[in-house]
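Novice: Residues per chain, in single letters:
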Amino acid sequence: MLRLPVLLMPKFLSFRNSVNKGVVLRRLPFMLIGLVFAALLYIGAYKVLYYIRDIEFIGEALSKKLLSMVLFSLTGFLLLSNIITAISSFYLSRDIPFLLTLPLKRKEILALKTYETVVNSSWMVASFVPPVFLAYGVSYAAPPGYYLITLIALILFMLLTSATGITIAHVMTRLFPAKGMRDMLLFISLVLFLVVYFMLRASAPGDAGRPEELLSAILSFRAESPLLPNYWVLETVWESLGRRPFDALYPMALLSSAAFFLVLSFAAGVAFYGKNLEAVRPKTGGRTTAGIYPGMGHALLYKDFKVFVRDTGQWSQLLIIGALLLVYVYNFKSFPVEAVMKVTPLIREIIVLINMLMAGLVLSAVSARFVYSSVSLEGQAFWVIRSSPISMGRFLWGKFSYGFLPLCLITTALVFLTNLVMDVRGILMFASIATVILLSLSISGLGTGLGAMYPKFNYENIASVSMSLGGMVFMSLAFGVVALTVLLEAWPFYMYYKTGGIMWPATAVSVILMLALNFAAFYLPMRMGIKKLNRLE
Amino acid sequence: MIRLENISRAFDGKWAVKGLSLEIPEGEIFGLLGPNGAGKTTIMRMMTGILQPTGGKIFIAGHDAAKEPVEAKSVTGYVPDRPFFYEKLTGKEFLIFIASIHRMKKEDAMRRIEGLTGLVDIKAVEDELIEGYSQGMKQRLLFASALVHEPKVILIDEPFVGLDPIGVLLIRDIIKDLASGGATILLATHSLQMASELCHRVGLINKGVLTAVKSRAEVSSAEGGLAALFLKEVSGRPSGEGR
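Those protein sequences? They're chains A and B, same order as listed. According to our numbering, the stretch in the first sequence is residues 103 to 639, in order. According to our numbering, the stretch in the second sequence is residues 3 to 245, in order.
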């Protein structure tokens with residue numbers, strides 16, 4: 103008999119022991135921020151649906167397409183997140199040597215690690231997605247059954263992606279034992295790149311000049327193959343919305359596949375886990391020549407870079423980011439701007455604003471993984487920094503520049519390229535580039551500062567840091583800063599098109615407010631972070 | 003060289019160290035002895051700036067550790083009780099990182115690292131990732147990292163953990179040589195034999211209070227040696243009782 107509850111007891115007891123009145127009170131403001139964010143997400147999703155469903159002729163198709171794209175993105179995100187979390191959980195986490203010394207059956211360890219993988223890789227999605235489905239339910243005045251069916255469908259969807267990710271992790275570790283995790287993940291990233299590349303080519307829209315061509319261009323997005331689980335969720339949800347007579351085919355496909363892949367992941371674990379554990383043990387004897395002498399100015403950067411490149415648990419997260427960026431660029435590339443302009447003339451300006459919003463959200467997600475985690479990354483070796491002749495201010499500003507420079511480069515390039523694809527030039531190009539540079543600065547400061555205020559040095563794997571409560575608070579605040587900045591930027595555009603000329607006072611106020619907001623988001627957390635590090639024990 | 007003035011530290015209202023004063027001159031090896039939880043590591047961690055004292059002052063080579071922390075740390079080498087490293091760096095890269103943080107010139111640093119890896123006998127593994135090191139190798143690397151910047155003050159918490167007999171003798175000789183060269187060493191250990199052999203003076207600490215300070219001459223003239231003194235001061239009973 104599996105003793106999973108017994109194995110989970112230390113986690114439960116640790117949680118219970120760490121929760122007291124003081125902790126709850128300290129965390130209450132952050133929980134409220136999370137709730138406010140969920141409420142804003144719901145309102146935003148509802149408004150978008152309200153607007154889209156109102157568009158003549160293609161409204162309903164667009165609404166379903168939007169849900170399809172959300173689920174498609176979630177599939178990619180969850181699958182990659184699960185592969186990486188499974189590798190960390192099953193093979194790299196610190197409790198494995200201890201677990202192996204206990205009188206446990208292999209299946210019990212596999213069950214525990216499966217549980218950890220499911221929870222760690224899915225909880226962020228599980229926290230952020232419900233407002234979107236709630237908005238669909240309210241917008242379509244769905245029957246009560248919709249909420250229950252959607253909940254079950256999403257749970258099955260997450261179990262299915264987790265089980266698939268775990269199976270892939272076991273098989274890949276078995277296939278690439280000698281060369282190690284790095285080669286394995288390079289292989290996965292190559293396969294992923296090829297899959298997405300061919301999908302993009304297959305679904306590239308043609309010349310959508312007339313409304314019927316526009317519709318066919320939008321519908322040509324092949325995110326929904328009947329063989330993919332996101333399609334089953336889409337159809338299940340759509341049916342339960344009352345848009346179509348209920349058919350048990352897709353819910354059953356979800357249920358049976360989730361069960362099948364869970365069994366498969368267990369079978370793969372039973373077959374490969376023991377040998378794989380032997381294969382992934384730290385190697386001795388491999389030699390690496392020490393490179394340059396960094397000096398005081400670059401010592402931290404040099405160390406962080408070396409650790410990053412060699413730590414599979416860290417750089418493999420780039421795959422998630424890469425997938426996110428591909429989905430992002432694809433969404434813009436596939437959007438028929440010229441065709442839609444015939445229906446809505448302001449579409450280019452709206453798209454530029456949405457582009458900045460999306461880039462800001464991608465920036466926040468990337469920052470959660472790399473910038474927010476950067477202080478915690480020191481781990482239990484933080485004593486080295488504390489006992490070294492380096493001030494906490496210098497340390498934290500070093501961490502800031504380590505995150506800011508690459509982030510700024512990536513997001514600026516992203517916005518520049520998507521603008522070029524959409525033929526955006528002149529003042530619009532300038533404004534969007536300036537905005538993402540400003541956002542890179544503020545989000546990097548926010549992430550570094552909050553990461554210092556809520557460090558987690560004793561982590562099982564670094565991915566769990568960005569998924570902690572502090573990480574969620576950072577994501578919510580970062581999303582808030584991005585959304586407010588874009589709203590402030592949209593205001594002068596709105597006034598321009600309302601009055602037909604540039605409203606200088608409105609523009610000046612908007613720019614001043616944007617600068618003030620972003621400066622506060624950048625500077626205050628950094629100051630508070632330095633203070634916290636100075637007091638940290 | 004080291005001056006502790008009435009330092010105290012409380013955790014959640016409980017005293018881990020209380021009203022401790024001590025002065026250790028240049029070139030002396032001072033041993034801190036006490037049972038588990040006596041406050042030895044807390045004293046070390048306050049001296050390195052990892053913990054802040056609840057009260058009192060710490061001076062290291064004339065620098066007030068609270069007012070001039072960077073200066074105080076610049077002249078201090080620290081060997082903690084648990085060897086946590088950046089496991090994805092090689093031993094040599096870790097030493098280069100420490101030298102860089104201490105603003106050493108490249109030529110001086112590389113020369114020093116070359117000498118130290120030879121001294122602690124890790125040259126054969128210096129280009130391997132630390133994650134592959136044995137516990138003894140990590141302990142040797144820890145010593146090398148504490149000595150890279152030629153500190154005037156060296157704080158060593160449990161120096162012989164995980165070392166094989168050859169390693170123990172090697173580290174013992176290094177500590178002796180460092181003191182002969184003028185370094186001031188504060189050593190926290192459970193090894194009474196090593197403390198007797200190495201330390202010019204020993205301080206006995208119990209429940210955060212320094213109960214006695216004995217010179218080497220006092221220790222060797224005491225009946226039953228350091229073990230008897232330890233039992234008397236720490237458990238309040240003479241040696242042999244309670245066996």
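These are computed hints drawn from the structure, not numbers from a lab. One or more of the hints may lead you astray.
As the list claims (entries may be wrong) - Derived coverage of chain B by chain A (criterion: at least 3 residues anywhere in the stretch with Cβ under 8 Å from a Cβ of chain A; other residues may be distant):
1) 17–28
2) 108–122
3) 196–208
What the hints assert, rightly or not - Below, in silico cross-link-like pairs of lysine-lysine (PhoX-like), each with a Cα-Cα straight-line distance of 20 Å or less:
4) A:K149 with A:K167
5) A:K633 with B:K20
6) A:K377 with A:K600
7) B:K59 with B:K20
8) A:K634 with B:K20
9) A:K633 with A:K558
Idealized CB from N, CA, C, for every residue including glycine.
Novice: Next step is simple, just say for each hint if it's right about the structure.
Specialist: Hints, verified against the model:
no.: 1; hint: 17–28; verdict: violated (count 0)
no.: 2; hint: 108–122; verdict: holds (count 3)
no.: 3; hint: 196–208; verdict: violated (count 0)
no.: 4; hint: A:K149 with A:K167; verdict: 16 Å, holds
no.: 5; hint: A:K633 with B:K20; verdict: 27 Å, violated
no.: 6; hint: A:K377 with A:K600; verdict: 68 Å, violated
no.: 7; hint: B:K59 with B:K20; verdict: 12 Å, holds
no.: 8; hint: A:K634 with B:K20; verdict: 25 Å, violated
no.: 9; hint: A:K633 with A:K558; verdict: 17 Å, holds
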